[in-house]
Structures are given as C-alpha cells and as structure tokens.
Amino acid sequence: MTELGGGQSGSNIKFTARVNGANLMKKPVAKWFKGKWMDLSSKVGKHLQITETYDRNNKIYTFEIQIIKAKTTYAGGYRCEVSSKDKFDSCNFNLNVNEVSNAGDIDIRSAFKRTGDGKEEAGELDFSALLKKSNEAKQETEPDIDVWEILRKAPPSEYEKIAFQYGITDLRGLLKRLKKMKKEEKKSEAFLKKLDPAYQVDKGQKMKLVVEVANPDAEVKWLKNGQELRVTGRYIFESIGNKRILTINNCSLSDDAAYTCVIGEEKCFTELFVREPPVLILRPLEDQAVMVGERVEFECEVSEEGAQVKWEKDGVELTREETFKYRFKKDGKKHFLIINETTVEDSGNYTVKTNGGESVAELMVQGKYIGDQMCNRKRSKKQLEILQGVADLTVKAKDQAVFKCEVSDETVTGIWVKNGKEVIPNERIKITHIGRVHKLTIDDVVSSDEGDYSFIPNGFAFNLSAKLHFMEIKIDFVPRQEPPKIKLDCMSGNADTIIVVAGNKLRLDVPITGDPAPTVIWSKGDNIISEAEGRVHVESHPDHCVFIIEGAEKSDEGSYNVLLKNPAGEDKATINVKVIEVPDPPEAPKILNIGEDFCTVQWEAPKYDGGMPITGYILERKKKKSYRWMRLNYDLVKELTFESKRMIEGVIYEMRIYAVNVIGMSRPSQPSQPFMPIGTLCLVYSIYTCVQGSGVLESTLLRFCLHGGPCAHKIDHQVHR
Numbered sequence: 001m002t003e004l005g006g007g008q009s010g011s012n013i014k015f016t017a018r019v020n021g022a023n024l025m026k027k028p029v030a031k032w033f034k035g036k037w038m039d040l041s042s043k044v045g046k047h048l049q050i051t052e053t054y055d056r057n058n059k060i061y062t063f064e065i066q067i068i069k070a071k072t073t074y075a076g077g078y079r080c081e082v083s084s085k086d087k088f089d090s091c092n093f094n095l096n097v098n099e100v101s102n103a104g105d106i107d108i109r110s111a112f113k114r115t116g117d118g119k120e121e122a123g124e125l126d127f128s129a130l131l132k133k134s135n136e137a138k139q140e141t142e143p144d145i146d147v148w149e150i151l152r153k154a155p156p157s158e159y160e161k162i163a164f165q166y167g168i169t170d171l172r173g174l175l176k177r178l179k180k181m182k183k184e185e186k187k188s189e190a191f192l193k194k195l196d197p198a199y200q201v202d203k204g205q206k207m208k209l210v211v212e213v214a215n216p217d218a219e220v221k222w223l224k225n226g227q228e229l230r231v232t233g234r235y236i237f238e239s240i241g242n243k244r245i246l247t248i249n250n251c252s253l254s255d256d257a258a259y260t261c262v263i264g265e266e267k268c269f270t271e272l273f274v275r276e277p278p279v280l281i282l283r284p285l286e287d288q289a290v291m292v293g294e295r296v297e298f299e300c301e302v303s304e305e306g307a308q309v310k311w312e313k314d315g316v317e318l319t320r321e322e323t324f325k326y327r328f329k330k331d332g333k334k335h336f337l338i339i340n341e342t343t344v345e346d347s348g349n350y351t352v353k354t355n356g357g358e359s360v361a362e363l364m365v366q367g368k369y370i371g372d373q374m375c376n377r378k379r380s381k382k383q384l385e386i387l388q389g390v391a392d393l394t395v396k397a398k399d400q401a402v403f404k405c406e407v408s409d410e411t412v413t414g415i416w417v418k419n420g421k422e423v424i425p426n427e428r429i430k431i432t433h434i435g436r437v438h439k440l441t442i443d444d445v446v447s448s449d450e451g452d453y454s455f456i457p458n459g460f461a462f463n464l465s466a467k468l469h470f471m472e473i474k475i476d477f478v479p480r481q482e483p484p485k486i487k488l489d490c491m492s493g494n495a496d497t498i499i500v501v502a503g504n505k506l507r508l509d510v511p512i513t514g515d516p517a518p519t520v521i522w523s524k525g526d527n528i529i530s531e532a533e534g535r536v537h538v539e540s541h542p543d544h545c546v547f548i549i550e551g552a553e554k555s556d557e558g559s560y561n562v563l564l565k566n567p568a569g570e571d572k573a574t575i576n577v578k579v580i581e582v583p584d585p586p587e588a589p590k591i592l593n594i595g596e597d598f599c600t601v602q603w604e605a606p607k608y609d610g611g612m613p614i615t616g617y618i619l620e621r622k623k624k625k626s627y628r629w630m631r632l633n634y635d636l637v638k639e640l641t642f643e644s645k646r647m648i649e650g651v652i653y654e655m656r657i658y659a660v661n662v663i664g665m666s667r668p669s670q671p672s673q674p675f676m677p678i679g680t681l682c683l684v685y686s687i688y689t690c691v692q693g694s695g696v697l698e699s700t701l702l703r704f705c706l707h708g709g710p711c712a713h714k715i716d717h718q719v720h721r
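Quick note on numbering: the sequence shown equals residues 1 to 721 in UniProt numbering.
Please keep in mind that the hints were generated in silico from the structure rather than gathered at the bench. Using N, Cα and C, we set each Cβ at its ideal position, and we do this for glycine too. Any given hint could be a false lead.
Using C-beta positions, here's what the derived DEER-type ranges look like [what the hints assert, rightly or not]:
#1 R628 x V662: 25 to 33 Å
#2 E422 x Q670: 19 to 27 Å
#3 Q670 x G503: 19 to 27 Å
#4 L636 x V446: 37 to 45 Å
#5 L636 x N576: 27 to 35 Å
#6 R436 x V662: 20 to 28 Å
#7 F462 x N527: 24 to 32 Å
#8 E472 x M630: 58 to 66 Å
#9 E317 x V231: 38 to 46 Å
#10 E557 x D399: 34 to 42 Å
#11 G332 x D202: 18 to 26 Å
#12 G10 x S41: 19 to 27 Å
#13 D444 x G616: 38 to 46 Å
Based on the provided sequences and hints, a complete structural model is requested.
Have a look at this one:
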C-alpha cells in the first residue's frame, strides 16, 4: 500500500494498493472499508472514485481509491482487503484531514485525541484538551462548549449526531469514555508492557494476548466484554516470568470482543477482531414466477454455518429497515429471503452476496386475472387442506338439517350435490359461503331429502361427502300386496346420467316401496352385480337399495339397470354413469422458428381428453441445467402453438406442456428436445463456415445472407439437401 497519509480539507487524496499477480490463478478482488464495516463501494459518487488497472508486462494489479475535495469528516481508519480464491491479504491505514483555520480557532478534532502511541485504536479518547481554554479563546465573547455536559443531558439516540457535529470520528471510544467517566490515567506502575490496541486473527486459528508485569509474582485476571474468563479447553492462562499470556484456541466469531487484563486497580484493554474465511455459495438462487399476492421464498446454501450474507434487489441492498416487507431467515448453511405478499413492483433481479461470491435470480410477478376459471387454476397449484369435514346427519320430519365443512383457503368456491346431482337453492334450501366455511341448510326436512350430500371445491378433484338419514314415524297399517316402486328423484322418465370424478366414491341410495319387500337386482348389461364386498357392489334394505362404486375408474362407465320384483308386480329404472378425469398429457412439443430471444412451440392435442373437452394448455420452460420449471402463461392457450419470448441468447432451454379440462391439469408432457436461442445471422454464419469450399452451395448461402433469404430453419433444410 502506498501514498498513505493525509491532507488539508478541500484537497484530493489518493490511496493505491498494488498486488503481485504472478502466482494468482484468478483476478483478485479488492474491497475498501472505512472503520470496521463500512463498505465504500456503496458510497462511490462525485466525492469518491474507485479504479483498478492491470500491467500485463509486470503482472501487477493496481487498485486506487480517490477522495475528491476531502472534508474533515472523512478522517479515520481505513482498510483494503484483497482476495483471490483461497488467498487473502489486507492492509490498515489512517487518513488525517486538517482544517484550514486561523491561529485563534479551537481545533475540536485535536482535542479528541487518544492516549497511547497515536494509533487510531490506541488507548482511550482524551477529551482533556477540549476542556482547557487557550489564551486566544479567552478573548472570544462566545461561551466555552462543555461537550461532556452536552453528552450527559442528551439521550443516547443523539450521541451519533453530537459526535458528527464536533468532529469525533471514533464514536465507540467516545461511548466507552462517557460510560467510565474517570480521570486521565497516570503512568502505569503495574504493567511494563500493555496489550496492543487491537489484534486480528483468522477464524479457527490460535491467538495469544501477552502483557509484561512489573511484579513477577503479580496475579492477573482476564475479562471478556467485562466478564471474567475461566480456564477451559479453549482459554489457557500462562505465567512465564514477567509475562502473562492468554491463549485462545480455535477462534470463532464469538471471540470477536473486547478483552481486559486486570492487576489490582490497574487495567489494560484491547480489541480482538476475528476474520471469516471466504464464504462460497454451494446452491444458487432459482428464477421464480408468481401471481400478485402470492408468497415468494428465495433459498441459497453457503459453505459456512452462520455466515453473513447480503441481499440486493436490482443492485440496491435490502436492509433491516425494510423488514416490514422482506423477511430474512437462516437455517444452518441455508439462507432465505421471504416476500409474503408480492406486488408487480417486486419483479426484478434478486442477488445474494457473500465475501466469496454471489448468485442472481429473476422474479416475475404477474397481475391478477378475473374469472373463476383463472382463480381455480391459480389455486390448483396449492394444496387444499380440509379443516372440518362433512358429518352424517339423522333428522326428524320438519326439523332443520345443516351440513357444514371448512377448508384452508377462504377464496375457494364450490358446489353441493345430492346423489350426484347439483343442489339448487330455493325457499327451503339455502347455500352459504362465509370465509373458509361452506354450509348447506335444509329447512322442514322431508323424506325425499334423504340421500348422500357432497361438497365439491372448484378446481380440486375430490369431494367431502356425508349422508342425511330421515327419521319418520312408522304407521301400523301397511297395505298388503303393494307392487314395487322405485323412487329415484334423479329420474325424469328416461335414463339419466350421473357424473363422478375418477378415483372418487359413488354412492347412490334408491328409495323403494312394495309389499312384500321386493327383490332388488342390479345389472350392467348381462352381468349381475352381487352384494358381495367388492369395488362395485350393492346393498339391499327393506325401504331402499344402495349402489356403490369405490374409487371410480374409466371402465365403470356405462348403463346400470335396477329391477324390483315381488308377487304384486315389478318396476325397473336405468342409470347412466359417466367417469371423468384430467386429460392425458400431450406428446413432447416441437420447437420451430428459433430466434435470438424467442421461439415457436408446437404440439398435438392429447389422445384422451378425460371425458370432458380440453379448455386450453399451459406451457413451462426451464434452463437445461436447472431443475425449476417456470410457467409461461396464466391465461390458457387455446391454440396448439405458442411463441415463447424473453429468453437469453446462447442458453439451452427445454419446454413442456400441460392439457387442462374442467377437472384440472394433466401430467406434464415429455420435455422438448433441448434448444438454444440464437440470432439468424449467427446461424447462417455457422452454416456457411461448415460448407465453405462447396462451390454453388456456398454462393447460394451467401445470397441468402446478403439478399434476405429464407429464415434460419429453411436455410438449415437447404444445407441438409
């Protein structure tokens, strides 16, 4: 380090660090600090310039920092740190800025000097000079300023402002002095040699603090931040002649503290600074795309537990003052940046930095879209939790029946169905949705209300089911020889269709009458359905029969017949069952018309639509080396082509497709062949390079380049021909 020293207020001051790069495998990185923590790279402007140059002949790197029109407030201790891979070095230096003043002026900064050998951190601040009046100052009409009196009366929040006003650069030393409020120390009689003002050690290394005492038999005590230290495996005390030694093994960040050696009433102080090794980023951030209001969590993993990291958005540091919006979390080596409710303004590039590297990821925040279908698709990405299921009810005639359920998302809508048919509200039947609670209320219950009731949330392929049992008063007189009758309220004279989502349970209760009790026969085509336990089975009761499908499958579709027989006659009905599900995934998409930052994606409709029409498609893309897929559209694509934009030229991507119907999204298609966005001219040049010397073909390609020939994929077709 050269050109260290000072200057006068208003002049330009330059500091230069030169690094020998002959044995370095990688370009070194230089950082400039003021004091212990202030990184000057964030202060660059018209009064502070940082430059770097490289001498290739001598392999010397030169790093310079220039302070333009220096002010007295710029004075203090500075540090330059240079690192390259596993190599590290640093240099501390002081800057003194002298105020150009008349002989009669009082120099406040010189009054706030330190005791000791004159170093910045040596001894303690000595304010005695400020309390003395010079002969010239006696003639002034203005009263003397008693800084101690100002500090005593001021609240702690004003200390920094007062220190700045009177040119005190070492606020930490000022506060120590203010707390102790003791007279200037006399020359030590107990210590022959005191501790240095400060020490620095790398994390994990050993540190020795040594003093020399006047009396070889003197006993000493060692304090850390005012607390007495005891002998442990890490702290070792030694007494060798006049020397007293404190050894700290395997230094950690917790050892970064103030240390005191005490002999009787005398003390000497020092500061130990523990320097961390470069922290590497083991797992980088991943790009994310979300909707407005959704929660975002960026995660990275570093090489050291408890390491310090810095988060930035578009080059601006996210500080603790913004914790009302951003939350920072640590878990061992993992670090998290959390945004609970995103806005469109949160879109941008987010960076996590350590002293050994950085990682950048892009956040894309899409605006809100209107329509139940979009809301359903947005929610389908989340997991819906059932907080309270629907319970079975047994209700007397004229009483009220209330089915209630509670889900985790209060924005979820849905429908109530009875025996597979949607329940339509009327004067007697009410449907309400308040927050996360959905209710179905039936007043003045009658026997026809008995059956299976289910709540089906929109956009989720499951339902919550329960049964309503009707309790009626039995009469003693029953007509004899009554022909059987099927009382199926979903029937309207012809065969009706009941829709069930694949994987769900279908339970159909069919009230019947007849005396004597009729025999019930269920069949599908020529196959009789038995009452034995199985996935598809039936149950028979005196007043009703039950048709059950456990875990509906596509093969369960078809027409089912129920036949009632007794000596007085017979009755029959037909029920059609349709099983619907999410569609099959499309085939792997094809990539056409590749440009420098865009491409055209083309695909075919899936072979099976799940029993319901395809409503659209969703596309995702990812970088070849990443594992995170990013969604490209929130409005469903109706066509079978899509133009993907905002890609990075030269980066390899893959695409995949989802098909969507009213039930939900299919599994993703197989990814496309990897492709790389690249400009047409670059592609033509690459093809031309490959076919140089081939006569007519070469001249043909040149004409394509110079006179606006076909697009890149057509040129490629010509080359293959």
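| task | Give me the numbers of the hints this structure contradicts, sorted from smallest to largest. | result | 2
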